[in-house]
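Let the hints inform the model, and build the full structure from the sequences given.
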Amino acid sequence: KLAIIVLFIKVAFFHYLTSNDTSVSVAPNEYQKISTDELLYKDYWSPELGEQLGLTQKEYRVKRRQHHWRRKQEGGDSTPDLKVEDDLTFMHDDLGSHRNDVNIPPTMGYYNLSCPFEWYKYSCAAIQDNEVDEQVTAASMQYYQQHLAEIFRAFHSVSMNHPQQQQQPKRILMTGDSLLRQLFISLACNAYSLNIIEHSEIQWREVWPCPEGFAKCAITGGQHGGFDAASIRFTNGMEIHFVPHRGFAYTDMSKGEPDVLQRMKWQIDNLGNRIGFGKKTAFPPSGPMTHLVYSVGTHFSIWKSRKILSYFASEIATTLMSNERRPKIIYVITPTAHFNTGDGQYIRRRGRMDGETSKCVERVTYNPRAKMEKQILTEGVNVDVLLEYDDLDLGALHVHKGDCVHYCMPGAADLVAARLLESFF
1 KLAIIVLFIK
11 VAFFHYLTSN
21 DTSVSVAPNE
31 YQKISTDELL
41 YKDYWSPELG
51 EQLGLTQKEY
61 RVKRRQHHWR
71 RKQEGGDSTP
81 DLKVEDDLTF
91 MHDDLGSHRN
101 DVNIPPTMGY
111 YNLSCPFEWY
121 KYSCAAIQDN
131 EVDEQVTAAS
141 MQYYQQHLAE
151 IFRAFHSVSM
161 NHPQQQQQPK
171 RILMTGDSLL
181 RQLFISLACN
191 AYSLNIIEHS
201 EIQWREVWPC
211 PEGFAKCAIT
221 GGQHGGFDAA
231 SIRFTNGMEI
241 HFVPHRGFAY
251 TDMSKGEPDV
261 LQRMKWQIDN
271 LGNRIGFGKK
281 TAFPPSGPMT
291 HLVYSVGTHF
301 SIWKSRKILS
311 YFASEIATTL
321 MSNERRPKII
331 YVITPTAHFN
341 TGDGQYIRRR
351 GRMDGETSKC
361 VERVTYNPRA
371 KMEKQILTEG
381 VNVDVLLEYD
391 DLDLGALHVH
401 KGDCVHYCMP
411 GAADLVAARL
421 LESFF
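Counting from 1, one number per residue, gives the positions in the sequence shown under the working numbering.
Since the hints were derived computationally from the structure, they do not count as laboratory data.
For every residue, glycine included, the Cβ atom is placed at its ideal position computed from N, Cα and C.
Please note: incorrect hints may appear among the correct ones.
Unchecked claim - Computed beta-carbon distance windows for the label pairs:
1) Thr378 x Ala138: 36 to 42 Å
2) Ser322 x Thr357: 44 to 50 Å
3) Met353 x Ser314: 32 to 38 Å
4) Ser314 x His156: 34 to 40 Å
5) Ser301 x Glu201: 29 to 35 Å
6) Asp129 x Pro284: 40 to 46 Å
7) Arg274 x Glu379: 18 to 24 Å
8) Gly54 x Glu422: 42 to 48 Å
9) Gln142 x Asn273: 42 to 48 Å
10) Ala138 x Lys304: 34 to 40 Å
11) Glu422 x Gly50: 38 to 44 Å
12) Ser322 x Arg71: 47 to 53 Å
Listed below in structure tokens is the structure:
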């Protein structure tokens with residue numbers, strides 16, 4: 001009876017808030033901006049609250065997170081909750097329901113912005129607006145579910161791995177472009193769903209535009225919009241720090257490191273074959289680097305990428321390999337692009353990409369970037385681990401909408417992230 005009375009009071013309170021301002025109109029299925037004076041995001045979603053506010057469970061969750069983020073930016077005392085919320089939408093969605101033959105806990109996984117670290121533009125369930133988008137979302141979720149047992153084993157082993165007192169927790173630097181950042185997001189979201197994230201700092205940007213291929217764009221900044229640097233600490237003390245290797249995006253280029261490799265080269269030359277995290281991580285690392293994860297990415301031409309990677313191999317990786325106290329070096333092969341261009345690559349010459357060439361094909365015969373990278377890097381010689389996507393036939397799992405490089409999340413990136421996690425141990 002007491003619970004019913006409390007619920008009635010909550011509903012009546014929100015009814016009072018909204019009924020006293022007739023100008024407030026919240027249309028369903030839209031992420032409208034609502035003044036913090038009009039709604040107080042202090043409660044978790046309930047059917048009664050959703051009906052009163054005209055918001056679905058997902059919409060309220062996203063607005064609540066963005067409200068907390070803005071409060072924190074303004075210097076308020078509100079901070080995002082790192083507890084796994086009881087509204088994992090994908091658990092009750094046809095696209096996200098788990099297969100019965102997979103031995104995993106019911107809270108494993110993320111979907112449709114259920115994870116506070118997700119990006120809107122990679123969440124195909126959030127951005128879908130037509131039948132093709134729905135098919136892409138379903139295919140990506142099916143792939144994720146098919147590999148969920150392997151993904152769970154990797155993350156569960158981390159939750160069970162508590163270093164002995166004489167051992168230092170692992171401290172990992174991931175540096176690359178948006179493709180490597182997707183792996184960071186996957187690591188963070190899958191770990192979050194298992195309640196093994198102890199602390200995080202995500203430098204969400206106030207403005208982060210959607211790509212040109214989006215017919216509509218609901219989130220253009222703040223939480224779920226986009227970030228440059230980000231850091232997480234697991235409950236076992238392991239830290240993962242992501243920093244872009246070529247500065248921060250858009251107008252904030254000067255705030256990031258213009259060239260992480262150049263800085264590492266300076267450290268090797270002046271600090272005795274050692275490298276560090278730099279000064280642009282989201283929170284300060286607790287100690288020296290134990291693992292370096294690098295990927296040159298896809299923002300340069302193959303010729304330019306070959307030049308950058310050759311510099312990494314000769315000036316940084318090979319030199320470090322001779323140092324017994326060096327970090328473990330892991331290189332992530334650039335995933336396959338599936339544009340309708342023969343070899344799947346985006347053609348950078350003006351006027352060469354149109355409505356047809358920008359479509360994603362399901363399969364390409366080879367990945368020219370992967371071929372080039374494996375010509376330069378060799379396990380045991382200049383890197384410890386080469387991690388591949390093995391994704392020549394996964395073109396249907398890309399975001400689409402003119403993006404045949406990034407994969408929907410959850411999806412193909414999560415399996416690679418799980419294997420990357422295993423390589424840390």
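*How does the Cβ-Cβ distance of Thr378 and Ala138 compare with 36 to 42 Å: does it lie in that range?*
Distance hint for Thr378, Ala138 holds at roughly 39 Å.
*asked:* Within 42 to 48 Å: is that where the Cβ-Cβ distance between Gly54 and Glu422 falls?
replied: holds (45 Å)
*Outcome for the supplied range 34 to 40 Å, where the beta carbon pair is Ala138 and Lys304*: Given about 37 Å between the Cβ atoms, the range holds.
*Mind checking the hinted window 18 to 24 Å against the Cβ distance between Arg274 and Glu379?*
Check passed, 22 Å falls within 18 to 24 Å.
*Given the hint of 32 to 38 Å, check if Met353 and Ser314 actually sit that far apart at their C-beta atoms.*
holds (34 Å)
*Distance restraint evaluation - Gln142, Asn273, Cβ atoms, bounds 42 to 48 Å*: holds (47 Å)
_Status of the given 34 to 40 Å range, CB of His156 versus CB of Ser314_ = Given range 34 to 40 Å: holds, Cβ gap about 39 Å.
*At the C-beta level, are Ser322 and Arg71 separated by a distance inside 47 to 53 Å?*
holds (50 Å)
*Do the Cβ positions of Asp129 and Pro284 conform to the proposed distance bound of 40 to 46 Å?*
Hint holds: Cβ distance 41 Å, inside 40 to 46 Å.
*Return holds or violated for the Cβ distance of Ser301 and Glu201 against the range 29 to 35 Å.*
holds (34 Å)
*Between Glu422 and Gly50, does the C-beta distance stay in 38 to 44 Å?*
holds (40 Å)
*Do the beta carbons of Ser322 and Thr357 sit within 44 to 50 Å of each other?*
Holds, since Ser322 and Thr357 (Cβ atoms, about 45 Å apart) stay within the stated range.
Figure legend: structure checked against the earlier numbered hints; every hint is met.
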